[in-house]
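Since the structure of chain W is already known, use the hints to place chain R on it.
There are 2 protein chains.
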Amino acid sequence: MFARPDNLALLTDLYELTMAACYFEYNMFTKATFSLFIRKYPPNRRYFVSAGLDDVLTFLENLKFSKEDLDYLENTKLFSPDFLHYLSNLRFTGDVFAIPEGRIFFKDEPILEVTAPIIEAQLVEPLIINTINFQVSIATKASRCLYAAKGRKLVDFSLRRTHGTDAALKVARASYIAGFMGTSNVLAGRLYNIPTFGTMAHSFILSFDKELSAFRAFSKVFPENTVLLIDTYDTITGAYKAAAVGKEMRERGLKLKGVRLDSGDTPSLSRQVRKVLNESGLNDVSIFVSGGFDEYKIAEVIEKGAEIDAFGVGTKMGVSADAPYTDIAYKLVKYNNRPVLKLSAGKETLVDEKQIYRFVENGRLKKDVIALRHEPIEEGEPILQPVMRGGKRVSPPDSLEEIRERFFEEFLKLDEELKELEPKKEFPIELSPGLRKLQERVTYRILEKELGES
Amino acid sequence: MFARPDNLALLTDLYELTMAACYFEYNMFTKATFSLFIRKYPPNRRYFVSAGLDDVLTFLENLKFSKEDLDYLENTKLFSPDFLHYLSNLRFTGDVFAIPEGRIFFKDEPILEVTAPIIEAQLVEPLIINTINFQVSIATKASRCLYAAKGRKLVDFSLRRTHGTDAALKVARASYIAGFMGTSNVLAGRLYNIPTFGTMAHSFILSFDKELSAFRAFSKVFPENTVLLIDTYDTITGAYKAAAVGKEMRERGLKLKGVRLDSGDTPSLSRQVRKVLNESGLNDVSIFVSGGFDEYKIAEVIEKGAEIDAFGVGTKMGVSADAPYTDIAYKLVKYNNRPVLKLSAGKETLVDEKQIYRFVENGRLKKDVIALRHEPIEEGEPILQPVMRGGKRVSPPDSLEEIRERFFEEFLKLDEELKELEPKKEFPIELSPGLRKLQERVTYRILEKELGES
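Sequences listed follow chains W and R, in order. All residue numbers for the first sequence refer to our numbering, where the first residue is 1 and numbers rise by one. All residue numbers for the second sequence refer to our numbering, where the first residue is 1 and numbers rise by one.
No lab work stands behind these hints: they were computed from the structure. Please note that the accuracy of each hint is not assured.
It does not matter which identical chain is used: a pair holds within one copy or between any two.
Claimed, not checked - Here are the simulated EDC-like pairs of lysine to aspartate or glutamate, each with C-alpha atoms no more than 20 Å apart in a straight line:
1. Lys-40 x Asp-322
2. Lys-210 x Glu-25
3. Lys-437 x Glu-381
4. Lys-297 x Asp-322
5. Lys-367 x Glu-426
6. Lys-413 x Glu-279
7. Lys-107 x Glu-426
8. Lys-297 x Asp-327
Here chain W stands alone, though its shape is the one from the complex:
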């Protein structure tokens, strides 16, 4: 089976288990709150798209060490029988507040906060970070492609170059959230009910005697769904052959859906192909392009006057090539009702449980205020929602269509200056008076206690 987040208890770092063993030996079952946030923007990003929460909640609901897991841990000889027995009964019993999938958020903002006995909250760190970091990176990258395409359609073509099988599925889902119309990935289509697209590859052309025979054969088997790949030998020659097939189909009362270009100088070739098709009265046959597209190349070919109806976007979106990771962190912010933080150089954390308040003016996102969770803030929309209590989801999962609608709605309200491919401006984020005061007090207390002692 492919990656399903229901037996991943051991997909954690060894130190989570050694720390857990210490907490266990010292009877430290106290509640802790961890906060997940991104410290800074990756290159050319000034916002993020929330994605991955559903997988995190499924993982937490199903957390359980299997017999094989426990046998393996026993064989490492690191852990006591008492601790292993404790692990055999461990389930996630905590509370989670989170930004719903599809919403826009910004750096330093808590994406998700987990409150649970420290062992539980700590063990799930690697998988929570892994899930959110990746899916946010992809949804954000996909939204940039959407912006660059200016209304043209986008399809996820990344399956063959994503980092493994789990990534292939998650990219299809995350890019669909952020406005793609579908994917080439059939399993993603089945699992997430995402529309799938695709017709033929170069090898199909090569396996027939002649390019024209391949075109005709395909149009006969899939009369409703023929997109002809025309660049196997020469794009313009291919376009004339496609036009011939398009006319034959028209005579049979059918319609050629499109042609695809996968190489060469897109702006010039696409204009020539458009002309060839139009000369045969095939003005409604779409031109589809693929091959190395991302937001930068999409913007470039549109700028150069390419005549394109839809883009297949693969590798560079599927690995978020110019920003394949974020500076994301999952940090202890409260322990035993005491706000805590670490001072490691350049890696400071905002203390305590928090909430984000969003201010909208004239239909535009204006600013966010990060506040203490229970601090009275009069205006603004609270963004973090309670999504899990006592280890159970508070409500059923959002449908993918709801999430996608949520994204479209909020993305429209985001300033163009923040969506530009090389943005200069940053979205204004303020800290509330309560959070600022507490942050100062805790920093002072630590400096006094830890750096004063010897």
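This is chain R only, laid out in the frame that chain W set:
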């Protein structure tokens, strides 16, 4: 469950299935050979490390459409009942030649060649590319870290930033092949029998009243395996506290294993920490560093005189940040015993079934010759091995230790100039006389037939 390559039949692009439906309708069950190769070197790479073959073979051995898969395909209304019936019985029955895992290879060289009825050979394309592209990228990146570390130890810390759960496991395995000593990833430890490492995080320190209490608590629970994280508040203050604990442990007849730094100016801090430890006679306590390391940062801190025994290498290795994909392709090279190729601009393919011959001189890799598979070449070691016949593995999987040994042995023979972090030279690759002649003949034939016709 995590990603297991045994029910991934539908993890393919839709066009593979629409092409298959056409082949089926036209009774095209003829044998085809597809060749997998990398067209050009990613930035700063001049060689690749083979990895991923075992997963490919497991996938091929288990290829089978489930009832759920077939029901989904039926619901798309794209496919005929006859074709779906055919798919329900489809298994992979082909032959595979491949470069064994752990070996070095170069651009344009066939990594793997699949010969099978065209429908089978075509359907498995996306997963074969996905698997090899990713694992080769990671093994190659890891080998660059190994080279940069000049004998210091390396541990995979990438779990939290890999692209999903499958990637996390594959990175642990691929980096172990390429010389890492182990991983923090416990599930990878269990599944692949890779050594695991790790002790504590900043949150552990924060959950105790004082840093010193946290250090002491850990050393009591794990007396044989204590590596103290010393940068939560201030690295040098932390080093003095670690030295105190180290001396206490020595008095109890124990030994502090190491300290870890995760932030700040590594060269200067590591030298100061070394001094603090040595002043307490703790010269044998290792210094472990983590935080943003890759081959470039490893080389930089060593160059600046950092005193480091081992590196935790995470994010940038786990996503191969400076080269998160390769220009890999899986192309039809032979169909119905006829060599074929496509001429798409900048994307030419080497025709027919091939073999690589490697020439070694004075213990150094000297050159490779790419030849037709059955062309008589007198010298050189043939690199591609038959690994699957009739859909079954020819021999049991290589053990991970064998693969790792194979890597070490060949990596030693590779010229330093090709291993440099910014290499200038390329490894000499020649085409055999037979391959060159056939390539010209097929190109000429296509130009004549496809571009001459109208």
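task = Identify every previously stated hint that the structure contradicts and give their numbers, smallest first.
result = 3 and 6
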